[in-house]
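Working from the sequences, and respecting the hints, build out all of it.
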Amino acid sequence: MTVTLANPLREGLRLARTPEPASLVIFGASGDLTSRKLVPALYNLALQHLLPASFGVIGSARRAMTEDVFRAELHDAVAEFSRTRPINEEVWTTFARSIRYVPTPDESGFNELGRVLARVDGEIGANGNRLFYLATPPAAYEPIIRAIGAHGLRGASGWSRVVVEKPYGHDLDSAMRLTSVVQEVFREDEVFRIDHYLGKETVQNILVLRFANSIFEPIWTRQFVDHVQITAAESIGIEERAGYYDSAGAMRDIVQNHLLQLLALVGMEPPSAFDDRSVRDEKVKVLRALRQIAPEEVGELTVRGQYGQGFIGGERVVGYRDEPGVAPNSQTETYVALKCFIDNWRWEGTPFYIRTGKRLPKRSTEIAIRFRVAPHRIFTREASEGLDANELVIRIQPDEGISLTFGAKVPVQGLRIRSVNMDFGYGESFMVDAPDSYETLILDALRGDATLFTRRDEVEQQWAFVDPILAGWHAGRQELATYAAGTWGPEQADALIARDSRTWRRP
Amino acid sequence: MTVMDEAFWGARAGSIDALERELGRLRRAAVAHAKERGQALARASVLNLVVYAEREIHARRAARAVADLALRHPSRAIIVLGDRSREGVLASLQLHCHVPQSDGAQPVLYEQILARVRGDFDERVASVVIPLLVPDLPVFLWWTGTPPSDARHVDDLVTLADRLIVDSADFARADLTLPEVARLARLRVGITDLNWARLTHWRELIAQFFDVPTWRPFLDGITGIRAGFAVDMDGRDIHPSQALLLLGWMASRLGWRPVEALAPSEAGGVLFKMARSDNAAVMVRLRPRFERGLDTGDVSGVRIQAALGRESAEFVIKRAPDQRHATATAVVGGVVRAERVVPLPALGIRELLVEELAIAGNDHVYEAALAALMALA
Ligand SMILES: NC(=O)c1ccc[n+]([C@@H]2O[C@H](COP(=O)([O-])OP(=O)(O)OC[C@H]3O[C@@H](n4cnc5c(N)ncnc54)[C@H](OP(=O)(O)O)[C@@H]3O)[C@@H](O)[C@H]2O)c1
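From first to last, the protein sequence lines stand for chains A and B.
Here our numbering is used: the first residue of the first sequence is 3, the next is one more, and so on.
Here our numbering is used: the first residue of the second sequence is 7, the next is one more, and so on.
Calculated from the structure, these hints are not laboratory results.
There's no promise every hint is true.
[As the list claims (entries may be wrong)] Okay, derived cross-link-like pairs now, DSSO-like style, lysine-lysine, Cα gap no bigger than 27 Å in a straight line:
| # | chain 1 | residue 1 | chain 2 | residue 2 |
| --- | --- | --- | --- | --- |
| 1 | A | Lys287 | A | Lys168 |
| 2 | A | Lys168 | A | Lys364 |
| 3 | A | Lys411 | B | Lys41 |
| 4 | A | Lys364 | B | Lys41 |
| 5 | B | Lys324 | B | Lys279 |
[Unchecked claim] What follows is a list of derived Cβ distance ranges for each label pair:
| # | chain 1 | residue 1 | chain 2 | residue 2 | range |
| --- | --- | --- | --- | --- | --- |
| 6 | B | Asp126 | A | Asp390 | 54 to 62 Å |
| 7 | A | Arg293 | B | Arg194 | 51 to 59 Å |
| 8 | B | Lys279 | A | Asp34 | 52 to 60 Å |
| 9 | A | Trp347 | B | Met380 | 52 to 60 Å |
| 10 | A | Pro326 | B | Pro141 | 57 to 65 Å |
| 11 | A | Arg348 | B | Pro141 | 29 to 37 Å |
| 12 | A | Arg224 | B | Ala13 | 55 to 63 Å |
| 13 | A | Met67 | B | His39 | 49 to 57 Å |
[As the list claims (entries may be wrong)] Pulled a few chain B residues facing chain A out of the computed Cβ check, cut under 7 Å:
| # | residue |
| --- | --- |
| 14 | Phe215 |
| 15 | Arg346 |
| 16 | Val348 |
Note that beta-carbon positions come from the ideal geometry of N, C-alpha and C, so glycine has one too.
In structure tokens form, the structure reads like this:
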């Protein structure tokens, strides 16, 4: 039975985002992501009344585990990792009743999963709506997707969707292969590729800033913008992820997905609507216009670095090669800086400098738009010594906000001009805790809104940009530089931007 | 009197210009104070909030709620205290301002101004408020008590405002509450009734039952509604307006017509018969209940009965396991199909205002609910 008529009681309610009843199947349910992010996000959605009146969560992994143990582990994970604390036991208790666990070590496990899904469907009136979440190591994505197909786990009625975690492939070929496997079972519009940066409020705010205001767009072009700097700095090292990180590196871990997404959001043309198709069409367009860096050019346009020992916040930390699980001669980069260009009408000749690194002095993700200096100087050089070009900075994390620097007269006799800062903090203006990005993204996937997820052609463009750089590095065309932990990256990165008579911002 | 006043309301200023100067001084002092502690002080106002009160205790209560609120909505608050107690006194104006220093992790600049107007002030009150408004930010006017139906100062202040906030639970006469709110519509301003805001969670929970596609058809088969509302221990203060609004909301959304009021039922309750669009009857019972920990008039529970062909269903929301939680249960064909507990946060003035300030437009659903109730009366 399908009921298409809208619920007349919904109108005017502010929580207009409650999705339809559905079952959420999490593969990799015994893993770190599930306990740190997914289940705390679901619990917080339940607290905010954002989950449907009837909802089922079915966890699955290979290991055998009783439902009681599974629920107890998730309880403790929520108590530890939820953004709201302490855990509300009343709410947890009824929420936990909707959680099941089905081990899927083999074919019979998937058959059992099918039976459980059918039963849950009947109980909660989910009408066959199912969201599959792949939270396993990437090697397991393909077998699980095939098993979903082979065992008929898609409901007979209702919708089925799949959320795929990062990393999505490790190069263009593997990403395309993964997509072709996914498409044996799911249509492209049923595939939700996670880039959790897109779930951050401030990242969405880039679009609001640009396209809900009329004052920024006219100057958002090569005529007014001197250059753009995008920085994603982390102070942490690789924590316990050596196995994954040493084979991936900063380029695959951060640049290919998060930084190219930020670049696309800053550089894209205005979409005609805020919906999944229009927004993603524009992002793909700008990614296509991103000028490839050929393997022969990596010496000139890229820097790769690896941290050595140093100090973070006063504490001595080891160098990358001394981290547990890292090969002592590892060539993996923990720092990347690139200079790139978008070859289109708007951005012709405007450099985009992007950089990311681990063990940098502080955690900060930001986008800085540096404007050109005023075309004609009417003040003396002496008066305007303290004056910089205008700069608009969008701070993504931590301390989300926007600031604008401009020149102002110092209140003394005579003329002295200084750069001052006009600062807007989201925290101070709205004073609410922003939801975690996983809350936003899970809710969107349940509602079928793919705007904040990466489309197939986007992922492919991103890999198509990154692959030749990796190939150039592999061919030894750019040395791996080292930098001391707690500094802003290797000297070569300063040289990269200094060649254009510019400097990196200090975030 | 003045000394006490200054302790609560802040430094006194002789004129509006002097007040602005004093605010500038206080602001610099607050910035310096924050700097000493290595904090940056944000002056990020998002709205002007004008509070109108005629009693000192209302003004003080409002001031405290607004100061609290400033943590969420940095604002300039202008509290107008219309003091009619001294007749015959010449109109006078007394101004105070205040930049409270928060010691929280994130200091916020929040400015509070008290304008005490005495005597025959109806004509001049707007002229005090206008120069104090921060330009370009929306103006919310919060009227404590019942706005008089025909008064110059109401119209003048409302004209300045983008939104009028009232709390119909505070209106002097419970039986006249809803007609009085309906009358405010003439003011041509978006109205927020905090008593309606208290229903938001209830509406949300009720609506969510019918987001389930297999349960949605029961909306067309509702046969009865029962709702409880809180009264005090001796059952004297009967204020069903919140429960009535909930009913008005369902009736307007589902197209029910009033048929008859079947006498006030036991102990101040109300019993109605309504008709669905297919003319079948819906029996409605609103019952007062003594509930510890609830404010008078708060909804204590809702039970919706429905039948579809031979299948019956019941959708129940109770305050359980305690007043701060709701248990929402769906029973279809005699079987519990879903039951969950969600938090039902206590809604003080501050929380209600936060909710309401986040939206800017008119609430047509509220207006329709009100209209449905007027038809019932
Ligand atoms: N942790 C994070 O914060 C984070 C952040 C961003 C993205 N991610 C991504 O999320 C995914 C999961 O990460 P994680 O940190 O949660 O990993 P994890 O802690 O190692 O957990 C992996 C989970 O997958 C299951 N699993 C492992 N191999 C499997 C296989 N061959 N077939 C089926 N299930 C298998 C494991 O349980 P069994 O061994 O019992 O099967 C376990 O439940 C990865 O793709 C990762 O890149 C994680």
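Against the structure, the hints come out as follows:
About 22 Å separates the Cα atoms of A/Lys287 and A/Lys168, which keeps this hinted pair within 27 Å; it holds. The hinted pair formed by A/Lys168 and A/Lys364 meets the criterion: a straight-line CA distance of about 24 Å does not exceed 27 Å. Simply put, A/Lys411 and B/Lys41 have alpha-carbon atoms about 22 Å apart, close enough for the 27 Å limit, and the pair holds. Note on A/Lys364 and B/Lys41: the hinted pairing holds, with a Cα-Cα distance of about 22 Å set against a maximum of 27 Å.
For the suggested pair B/Lys324 and B/Lys279, the alpha carbons sit about 23 Å apart, so the restraint of at most 27 Å is met. In this structure the supplied range 54 to 62 Å holds for B/Asp126 paired with A/Asp390, their Cβ-Cβ distance being about 57 Å. Evaluation of the 51 to 59 Å hint for A/Arg293 and B/Arg194 yields a pass: the beta carbon distance comes to about 57 Å. For the pair B/Lys279 and A/Asp34, the beta carbons lie near 59 Å from each other, so the given range of 52 to 60 Å is met.
Separated by about 59 Å at the C-beta atoms, A/Trp347 and B/Met380 satisfy the suggested range of 52 to 60 Å. Under the hint 57 to 65 Å, the C-beta atoms of A/Pro326 and B/Pro141, about 59 Å apart, fit the expected range. Distance hint check: the CB atoms of A/Arg348 and B/Pro141 are about 34 Å apart, consistent with the given range 29 to 37 Å. A beta carbon spacing of about 59 Å between A/Arg224 and B/Ala13 agrees with the range 55 to 63 Å that was offered as a hint.
Range check, A/Met67 to B/His39: Cβ separation about 55 Å, and the 49 to 57 Å hint holds. Annotation: interface hint on B/Phe215 holds; nearest CB of chain A at approximately 5 Å, less than 7 Å. Taken as an interface hint, B/Arg346 checks out: its beta carbon lies about 4 Å from the nearest beta carbon of chain A, inside 7 Å. For B/Val348, the interface hint holds, since its Cβ comes within 7 Å of a Cβ in chain A; the closest pair sits about 5 Å apart.
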